[in-house]
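Based on the sequences and whatever the hints tell you, model everything.
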Amino acid sequence: MKKNILSGLKMLLAFTLLTGLIYPLMITGIAQVVFPRQSNGSIVSIGQKACGSELLGQAFKSNSYFWSRPSACGYATLPSGASNWGPTSDTLRKTIEKRRESFIIANRLPLNTVVPNEMMTASGSGLDPHISPESATLQVERIASARHFSPSQLQQLRQLVASHTEQPQFGCLGEKRINVLALNRDLDLLR
Amino acid sequence: MSTFIQLALFLGALILLTPVLGKYMKQVISGENHILTPVLGWLERSIYRVCGIDPQEDMNWKKYLASLLWFNFFGFVIVFALQLTQAWLPFNPAKVPNTSWHLALNTAISFVTNTNWQSYSGESTMSYLTQMAALGVQNFLSAATGLAVLIALMKGLIKNTKQQLGNFWVDLTRSVIYILLPLSIVFALILVGQGVVQTFSSYTDTTTLEGVKQVIPLGPAASQIAIKQLGTNGGGFFGVNSAHPFENPTPFSNFLEMLAILLIPAALTYTYGLFIGSKKQGWTLFGAMLIILCVGLGVSLYAEYAANPALHIAGSMEGKETRFGIVNSIIWSTSTTVASNGSVNAMHDSLSPLAGLVAMFNMMLGEVVFGGVGSGLYGMIAFVILTVFIAGLMVGRTPEYLGKKIESFEVRMALIAVLAPAVCILAFTAIAVSAHAGLAGLNNKGPHGLSEILYAFTSACANNGSAFAGLTTNTPFYNVLLSICMLVGRFGVIIPMMAIAGSMAGKKVTPVSSGTFHTDNGMFLILLIGVIIIVGGLTFFPALSLGPILEHLLMQAGMTF
Numbered sequence: 001m002k003k004n005i006l007s008g009l010k011m012l013l014a015f016t017l018l019t020g021l022i023y024p025l026m027i028t029g030i031a032q033v034v035f036p037r038q039s040n041g042s043i044v045s046i047g048q049k050a051c052g053s054e055l056l057g058q059a060f061k062s063n064s065y066f067w068s069r070p071s072a073c074g075y076a077t078l079p080s081g082a083s084n085w086g087p088t089s090d091t092l093r094k095t096i097e098k099r100r101e102s103f104i105i106a107n108r109l110p111l112n113t114v115v116p117n118e119m120m121t122a123s124g125s126g127l128d129p130h131i132s133p134e135s136a137t138l139q140v141e142r143i144a145s146a147r148h149f150s151p152s153q154l155q156q157l158r159q160l161v162a163s164h165t166e167q168p169q170f171g172c173l174g175e176k177r178i179n180v181l182a183l184n185r186d187l188d189l190l191r
Numbered sequence: 192m193s194t195f196i197q198l199a200l201f202l203g204a205l206i207l208l209t210p211v212l213g214k215y216m217k218q219v220i221s222g223e224n225h226i227l228t229p230v231l232g233w234l235e236r237s238i239y240r241v242c243g244i245d246p247q248e249d250m251n252w253k254k255y256l257a258s259l260l261w262f263n264f265f266g267f268v269i270v271f272a273l274q275l276t277q278a279w280l281p282f283n284p285a286k287v288p289n290t291s292w293h294l295a296l297n298t299a300i301s302f303v304t305n306t307n308w309q310s311y312s313g314e315s316t317m318s319y320l321t322q323m324a325a326l327g328v329q330n331f332l333s334a335a336t337g338l339a340v341l342i343a344l345m346k347g348l349i350k351n352t353k354q355q356l357g358n359f360w361v362d363l364t365r366s367v368i369y370i371l372l373p374l375s376i377v378f379a380l381i382l383v384g385q386g387v388v389q390t391f392s393s394y395t396d397t398t399t400l401e402g403v404k405q406v407i408p409l410g411p412a413a414s415q416i417a418i419k420q421l422g423t424n425g426g427g428f429f430g431v432n433s434a435h436p437f438e439n440p441t442p443f444s445n446f447l448e449m450l451a452i453l454l455i456p457a458a459l460t461y462t463y464g465l466f467i468g469s470k471k472q473g474w475t476l477f478g479a480m481l482i483i484l485c486v487g488l489g490v491s492l493y494a495e496y497a498a499n500p501a502l503h504i505a506g507s508m509e510g511k512e513t514r515f516g517i518v519n520s521i522i523w524s525t526s527t528t529v530a531s532n533g534s535v536n537a538m539h540d541s542l543s544p545l546a547g548l549v550a551m552f553n554m555m556l557g558e559v560v561f562g563g564v565g566s567g568l569y570g571m572i573a574f575v576i577l578t579v580f581i582a583g584l585m586v587g588r589t590p591e592y593l594g595k596k597i598e599s600f601e602v603r604m605a606l607i608a609v610l611a612p613a614v615c616i617l618a619f620t621a622i623a624v625s626a627h628a629g630l631a632g633l634n635n636k637g638p639h640g641l642s643e644i645l646y647a648f649t650s651a652c653a654n655n656g657s658a659f660a661g662l663t664t665n666t667p668f669y670n671v672l673l674s675i676c677m678l679v680g681r682f683g684v685i686i687p688m689m690a691i692a693g694s695m696a697g698k699k700v701t702p703v704s705s706g707t708f709h710t711d712n713g714m715f716l717i718l719l720i721g722v723i724i725i726v727g728g729l730t731f732f733p734a735l736s737l738g739p740i741l742e743h744l745l746m747q748a749g750m751t752f
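So the protein lines, in turn, are chains C and R.
Okay, so the first sequence: first residue is 1 according to my numbering, each after it adds one.
Okay, so the second sequence: first residue is 192 according to my numbering, each after it adds one.
Just so you know, not all the hints are guaranteed correct.
[As the list claims (entries may be wrong)] Below, computed lysine-lysine pairings styled on DSBU-like, alpha-carbon distance capped at 35 Å:
id, chain 1, residue 1, chain 2, residue 2
1, R, K350, R, K217
2, C, K10, R, K253
3, R, K699, C, K2
4, R, K350, C, K3
5, C, K2, R, K253
6, C, K98, R, K404
7, C, K176, R, K404
8, C, K2, R, K350
Hints were generated in silico from the structure; no laboratory data involved.
From a predicted model like this one, the values you see are computed outputs, not experimental measurements.
And the structure:
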């Protein structure tokens with residue numbers, strides 16, 4: 001029995017070495033060579049300056065940018081999180097009502113506008129980088145007016161939204177969506 | 192329409208891969224030559240040599256079990272110790288401090304028992320070293336432990352009057368290096384290609400377009416996420432698990448991660464069929480599991496798309512990610528709870544009451560519908576034994592399974608395996624709702640509050656690890672109580688099942704006759720589902736009616752709390 005227990009200890013150390021060090025080191029080595037951008041967080045830069053990760057959402061408060069979804073953690077990353085409010089939470093009911101109103105008012109939309117679901121609710125990660133194409137379209141007028149766009153620039157802006165719309169992956173997986181950071185970065189380039 | 196296409200793709204891929212992987216695992220388990228023997232055979236042999244193991248040694252059930260328990264105990268000690276010393280050890284670029292004793296205890300038990308309940312957020316609590324050398328390792332070893340128990344049980348079922356069940360170290364080693372490791376390597380690299388991070392660099396500082404500082408958390412995530420999905424572990428590298436864009440960046444990564452949850456448990460039913468010499472037996476178990484999964488999927492999808500009169504919203508996206516949408520969130524929430532995986536890509540706390548009910552009910556069935564790697568199928572065999580016994584009582588015939596008599600010892604052991612976690616769930620929920628410390632961490636009021644507590648203990652006892660995460664559980668009260676639940680849920684099933692393996696191995700196989708009760712047809716499938724629902728599920732009906740069922744009715748009346 002004693003020998004068996006000792007074997008157990010040795011096995012644990014051997015597997016710690018194999019699956020706890022060699023395996024992650026090997027994956028890291030291959031990943032860094034084959035997918036250097038992805039494995040380091042898909043960082044997006046403007047010139048030399050890193051302005052975030054393509055995959056992580058950011059907070060946009062100004063009227064001249066497209067807004068991301070509401071986030072329960074305010075787009076903090078250490079750690080990020082969700083509201084975890086349940087389906088009969090009174091706080092959630094009031095919050096949704098407030099978000100609906102402020103989205104309509106800020107974008108000067110008719111009062112009976114159907115506000116897209118994801119703009120009234122906080123995401124699971126708190127870092128959702130996407131919004132639906134509908135949500136982006138509803139924000140176009142607000143941005144154009146904040147940036148004093150001419151009608152032709154407004155047209156360009158609409159095209160920008162259309163060109164940033166990602167279809168479901170391989171035509172069938174997931175939902176239509178727009179990456180807000182990528183859209184806003186290109187928005188800054190519109191002149 | 193796209194809902195149905197995605198559902199069909201998911202279930203289709205699962206059904207197609209089951210025989211492929213199932214056949215391969217049969218070759219690995221029985222020590223035949225297979226595709227990876229020439230590549231990795233040297234590794235297997237050198238592990239035996241270095242660790243002083245005689246692969247020919249045949250263990251009886253007691254020695255097999257003792258080896259398993261010691262091995263798991265040492266695993267616990269290492270995970271516990273690393274968390275309490277991580278601040279002084281290397282691979283800690285973010286300089287996270289040592290954890291509290293109760294968090295270390297909870298996390299160590301959680302990862303050793305294949306639960307991966309997390310009272311913490313990885314990115315702000317665990318060093319890279321702890322994630323890799325403690326948590327990552329147990330992701331492999333707890334899954335391999337589950338497989339080993341299943342292998343011993345399968346051998347016990349087919350042995351004819353022999354006491355020996357094989358060698359624990361051999362079963363463990365083969366499971367890791369031929370099944371879990373190769374699958375993880377391939378899967379991890381695909382995940383990195385989709386955008387999952389994999390680096391040892393420290394967190395990067397960036398400045399957002401609006402000029403705010405945003406820290407980008409990094410780490411060796413892909414290697415850990417691959418095995419946490421494949422090994423039905425479920426413990427996220429980041430706190431929000433697979434909702435985090437760095438754990439699950441695209442719909443394709445999401446599809447593969449969902450498939451990985453059920454892949455090995457599903458394929459094991461085929462392995463089982465081959466092993467006992469009747470593919471039909473394997474497909475019967477697969478069929479029972481698939482039916483329960485599909486019913487759960489249907490109810491959850493219906494509930495999630497329906498209007499919520501309390502929040503004045505339909506198809507709520509609270510706690511969900513835009514790229515996945517409702518259908519992928521629900522396929523995940525159902526799969527992760529029928530399997531004992533427990534990873535999430537949407538926050539279960541914010542699911543509609545009925546979808547939350549399905550998630551809880553899946554776990555309450557004892558994680559036998561696909562279930563954990565190995566543990567799902569050995570749990571299912573406990574239900575098979577009960578079904579054969581009950582059917583035997585109904586027709587007044589001696590119950591038999593695979594030609595072996597089921598006697599009172601096996602039935603008693605199977606009942607312990609089924610009831611130990613169930614008793615634990617109800618007793619501990621009762622304690623928590625009556626204690627100040629138990630109610631202190633609630634995030635929601637009304638019936639949803641009860642659901643949060645009930646979900647926590649259900650998840651721990653079922654070794655699932657998903658959560659109604661609003662409940663604050665990083666307190667001595669919850670960390671310790673949930674630790675006990677996880678231990679009972681794991682070893683309260685493993686020990687009786689090993690005893691069954693031992694006693695079945697010693698029995699004589701009687702040939703099939705006209706009086707044999709068949710366990711490979713539609714009649715048995717229906718009986719089995721019935722027993723699972725009645726014995727496994729009905730126990731919890733009173734608790735569920737005070738939680739999610741009541742919440743659903745009040746929600747329909749437009750009430751909020």
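Does K3 (chain C) sit within 35 Å of K350 (chain R), going by the straight-line distance between their CA atoms? 27 Å, holds
Hinted pair K176 (chain C) and K404 (chain R), Cα distance within 35 Å: Answer holds: K176 (chain C) to K404 (chain R) is near 29 Å, not above 35 Å.
Tell me if the straight-line CA distance from K350 (chain R) to K217 (chain R) falls inside 35 Å. Satisfied, since the Cα-Cα distance of roughly 16 Å is no more than 35 Å.
Distance restraint between K2 (chain C) and K350 (chain R), which requires alpha-carbon spacing of 35 Å or less: 28 Å, holds
Sort out whether K404 (chain R) lies within 35 Å of K98 (chain C), counting only the CA atoms. 27 Å, holds
Given the proposed pairing of K2 (chain C) with K253 (chain R), does the C-alpha separation stay at or below 35 Å? 15 Å, holds
Would the pair K10 (chain C) and K253 (chain R) pass a check requiring their Cα atoms to be no farther apart than 35 Å? Since the Cα atoms of K10 (chain C) and K253 (chain R) sit roughly 21 Å apart, the hinted pair holds (cutoff 35 Å).
Starting from K699 (chain R), check that the Cα of K2 (chain C) is at most 35 Å away, please. Holds, at roughly 33 Å.
Checked against the numbered hints given earlier, the structure satisfies every one of them.
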